[in-house]
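Please arrange chain G on chain V, whose structure you already have, making use of the hints.
So you can see what is in the structure, the chains are spelled out below.
Protein chains: 2
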Amino acid sequence: MNIGFLHPGAMGISLAVSAQTTGHPVFWVPEGRSEATRERAVAHKLLESSSLADFCKTCDIIISVCPPHAAMEVARQILQHSFRGIYADVNAISPEKTKSIHKLMASNDIEFVDGGIIGGPAWEPNNTWLYLAGEKAAEVATCFQGGLLETELMGPEIGRASAIKMCFAAYTKGSTALLCAIMATADEMGVRQELEKQWSRNGSDFAERTHNRLQRVSAKAWRFSGEMEEIALTLKNAGQPQGFHLASADIYSRISKFKGAAPVPSVEEVLEALKNKRNQV
Amino acid sequence: MNIGFLHPGAMGISLAVSAQTTGHPVFWVPEGRSEATRERAVAHKLLESSSLADFCKTCDIIISVCPPHAAMEVARQILQHSFRGIYADVNAISPEKTKSIHKLMASNDIEFVDGGIIGGPAWEPNNTWLYLAGEKAAEVATCFQGGLLETELMGPEIGRASAIKMCFAAYTKGSTALLCAIMATADEMGVRQELEKQWSRNGSDFAERTHNRLQRVSAKAWRFSGEMEEIALTLKNAGQPQGFHLASADIYSRISKFKGAAPVPSVEEVLEALKNKRNQV
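Going down the list, the sequences are from chains V and G.
For the first sequence, the residue numbers in the working numbering are 1 to 281.
For the second sequence, the residue numbers in the working numbering are 1 to 281.
Hints are computed from structural coordinates only; laboratory data are not their basis.
Heads up, some of the hints might be wrong.
What follows is a list of derived Cβ distance ranges for each label pair [unchecked claim]: (1) V:K45 - G:N202: 28 to 36 Å; (2) G:Q145 - V:Q193: 21 to 29 Å; (3) V:N202 - G:A70: 52 to 60 Å; (4) G:S204 - V:K99: 27 to 35 Å; (5) G:G190 - V:N126: 24 to 32 Å; (6) V:S200 - G:E135: 25 to 33 Å; (7) G:R209 - V:E157: 24 to 32 Å; (8) G:S200 - V:G190: 35 to 43 Å; (9) V:N202 - G:D205: 18 to 26 Å; (10) V:R209 - G:Q145: 54 to 62 Å; (11) V:Q193 - G:G120: 53 to 61 Å.
The model shown is predicted, which means the values in this text are computed figures rather than measured ones.
Here a beta-carbon is modelled for each residue, glycine too, at the ideal position from N, C-alpha and C.
Here chain V stands alone, though its shape is the one from the complex (with noise of 0.2 Å):
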């Protein structure tokens, strides 16, 4: 079967190389694409499609793996040429825009495949899974069945594995943004050497692990905010309060600027970023 990735990015080329090492053709489209992302199609031998009506004659199945607010404009180009295999939203999104999503192909006659990433790029054992929903999830499934990437089948019913993603980051993501809140609410009360020694009691390392979840995160909060929106709305619609996610996303849009950056910026840069913007949520 031939796969085609809707972009390789860091997560999304881990995915493409499991496909490949499960003994698939895997495609990508280089119109449009940064850099960055030519670079790693190029250094794993993906396949180049010439355009993206080319992409959708070739692939069996699509897997769409992008930032969260892109997901639904990658599903309506595709809808734009005649795809007929199966299309796979893995996209940290609510189970309401995968819906919305799935309803789109449905409508198209694409078959569905709603899908969930928990954990870092898959480049280890026993550290990515991929959890499918839907009637097609576990034809997606082989897909990766020789790769590192793990796989997880969430049933028949689209959202569920949109709905377990969004809780596990939930705590993740929802946790760390709180972490950075505190300390520049610390740094800006002078009390933030005080906090650091309390949390050092008794030999924790708590102060330390939370300097590296400021300095790791800072590089990839561009991408965290549209998420957390995701997150806010899932709650909601669970009758639970949107306010922790909805404050994320306004921490991870204060951070957002570090986009990338290597060296990861120092915990007084990034608490400099925080404490730049003065509006609440």
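Leaving out everything else, chain G in the frame of chain V:
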């Protein structure tokens, strides 16, 4: 020195015992208190004052240790009597509210000390810290030097002890509220079992610890809503989003009915209460 406590709740009684152990006579006011408070005071041989007026005449230092929403009221009651010692507010309130109480005391010629407690009741060493700020902070610290309560001086500036308390609790109680919201969301969407399995991968006890946190917090949630509002205000005044802790206040108010529950409710009972109120922050 005669030390008075308003009022010896679960935390207050442990501070009172630390002061007793240090060698000070410790007083309380039975009038209007619950049977549980009476039992604690009698069990630890606290000395009874016949009235608040008598208590104010007897004590050299008064420690206010009460739920956040009662802090201002307790302070105002003192002003109706002729107290001329040191008044220490060690409650979980924002630096702003602390400064208001300071102002009130200062305009009545009462010395004021700002305090904040981190940790549970002080029944074992190296477990509970009383942070103290203000000109007379050291005098309050000496009340406890022979007991199990640890004290930390934060300098003369009123508000700094409250600030570190707010920042510390912002994470512990904020992240527990976040977990409550996520568990209720996963339950509502029918993916709780899968989420807990994901949380338990690679031998992690995160799912189990989350269950414990939900169950244990439910009995204390009734007094956490007010604290979350104080923390929200603290973050807002420092230029950070207040949404994390307004959402936390909502969460804790939903489970406030479990006040003092023993044994603690089941996870399912906590989730039922969380899902019962469908209003969002």
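Okay, the hints, checked on the actual structure:
no.: 1; hint: V:K45 - G:N202: 28 to 36 Å; in the structure: holds (31 Å)
no.: 2; hint: G:Q145 - V:Q193: 21 to 29 Å; in the structure: holds (24 Å)
no.: 3; hint: V:N202 - G:A70: 52 to 60 Å; in the structure: violated (31 Å)
no.: 4; hint: G:S204 - V:K99: 27 to 35 Å; in the structure: holds (31 Å)
no.: 5; hint: G:G190 - V:N126: 24 to 32 Å; in the structure: holds (26 Å)
no.: 6; hint: V:S200 - G:E135: 25 to 33 Å; in the structure: holds (28 Å)
no.: 7; hint: G:R209 - V:E157: 24 to 32 Å; in the structure: holds (29 Å)
no.: 8; hint: G:S200 - V:G190: 35 to 43 Å; in the structure: holds (41 Å)
no.: 9; hint: V:N202 - G:D205: 18 to 26 Å; in the structure: holds (19 Å)
no.: 10; hint: V:R209 - G:Q145: 54 to 62 Å; in the structure: violated (33 Å)
no.: 11; hint: V:Q193 - G:G120: 53 to 61 Å; in the structure: violated (24 Å)
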